[in-house]
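Visitor: Hey, can you work out the whole structure from these sequences and the hints?
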Amino acid sequence: MNLLGDPEITEEGEFVINIGPQHPSTHGVLHLKVWLDGETIKKVQPHIGYIHRSIEKMSESLSYRNFIYVTSRMDYLSAHINNEACALAVEKGLQVEVPKRAQVIRILLGELTRLASHQLWWGSTGLDMGAVTPFFYAFREREAILDILEETCGARLTQNFMVPGGIMYDLHPNFQKRVKEALVQIKEKLREYDELVTGNVIFQGRFKGVGYLSPEDAINYGATGPVARASGISCDVRKWFPYDGYENVEFDEVLDTGCDCWARYMVRMNEMKQSIRIIEQLIDNIPEGEIQAKTKQVIKLPKGEFYQRVETARGELGVYLVSDGGSTPYRIKYRTPNFSNLWVLSHITLGAKIGDLVAIMATLDLIIPDIDR
Amino acid sequence: MTNEEIKQCISEILPTATYDETGEFLTIMVSKEELRPFMQTLRNDEKFLFEFLFCLTCIDWKTHFMMVYHLLSRKHHHNIVVKVKLDDINQPEIDTICDIWKTAEYLEREVYDLFGVKFGNHPDLRRLFLDDNWPGYPLRKNYVDENMISI
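Residue numbers (our numbering), protein chains in the order written: chain A, 1 to 373; chain B, 1 to 151.
If you're looking for bench data, these hints aren't it; they were derived computationally from the structure. Each residue gets a CB set at the ideal place from its N, CA and C atoms; glycine is no exception. Please note that the accuracy of each hint is not assured.
Claimed, not checked - Example chain A residues on the side facing chain B (calculated, C-beta under 8 Å, incomplete):
#1 Glu11
#2 Ile48
#3 Gly222
#4 Gly325
Guide: Listed below in structure tokens is the structure:
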């Protein structure tokens, strides 16, 4: 329907509606133009750019110490992991080795971020499906994690805790105690999540067999993260190209071959358990020592190109850094997971019902500022 | 496969390609006429099977544009970079590869939006982030925005 209230109808009799840019189920400012035949979706065209800030251009005028923190505003639920990718890219150029203590703390905070992110996803998925309770349940546990992050990093969402060569400050003395307390709470509540949503036949009916993404399409569209892993594609960067000492940690890559919304739901639920497993291994084994490698005040990278990828809560984030030998990056390209995952949407919604569109969008778990950058 | 083996295989199908091994990944420079058949071989040949295009972008080097394609072969566990130099600084043009990798369709739209590189035979070449009437291409080095405030 356009602003004047007249519905737009194509020559074939298809009804055209606009969902967004201000719509609760798009989780941000995503605008979908949908062609409908009755209730069946004929075509979906995403329109993006409502929150484009040109972070890549901004980074070209920021120093190698400063450009890291702009990336907190891309995927704001994985801010810590985004920062980590940039710090690792600069370290690759400088060829400095990060102290063991800093590496372990990076993993710990990264996995806490992943847990918090998946919890928010779980809550908002419930909300999208018409159940309000999961949202409150999820925020209860997420709050415990954000409090820990706030105590150590000084911020809840955009932590900005990374520096090239390590981390900014040491851990707060309460960190270990509070993480252990939170883990006990979360492990207990995950059972509650299963009782409330996973075992619920209404949710299963909405998710099972909906939004089929074949493994070939997942690769062809460049999908990564839980979206691709639910189609049976092994793509966990932590396993394929380990960074920051992930090779020394025991955990399983969660895979599912269901290819539908239910598979994507289950992958994320099981990933939370794997994150807890990683944190439990490391929380009592944080090595003593330095938290930062020695770097110069003004960092200059040698001429060349550096590519660093990490696994955020939503998939593979790549930082492609081109240096001309100066003190600012010559060109930076962020290969963001949500950008690739978004375009899967118009493919897998073809022939689905309009009600399923929301279910599919919920399980793709899109963060719009990460798409627009 | 090691870099040497890949170079060996590539030199059999494309003798004119040049290589650069200073970076992290093996970099192959090809001309823009050779790009499409070369990419098709990389994608489909059993020897390579580079089925995952994980990054596609462009760099403005002021004297020329450089298209950069990052490829991953999941079977052989190998990354390579393919680069194409575009000499025309005002009207850069190159053929699309979006029929080989679907993800390229949107990454190419992004490059068109921000660099103004035109992709031949692209099915839906529109601006992606910016308004259709936006003047200039922001990621070009000579882009000037009158409203931009420098701090």
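Visitor: So, for every hint listed, does it hold in this structure?
Guide: How the hints compare with the structure:
Given the 8 Å rule on beta carbons, the hint for glutamate 11(A) is violated: about 20 Å separates it from the nearest Cβ of chain B. Given hint, isoleucine 48(A) at the interface with chain B, holds; its Cβ is 7 Å from that chain's nearest Cβ, closer than 8 Å. Taking 8 Å as the C-beta contact cut-off toward chain B, the hint placing glycine 222(A) at the interface holds, the least distance being around 3 Å. The criterion of a C-beta within 8 Å of any C-beta in chain B is not met by glycine 325(A), whose closest approach is roughly 13 Å, and the hint is violated.
Hint violations for this structure: numbers 1, 4, all remaining hints satisfied.
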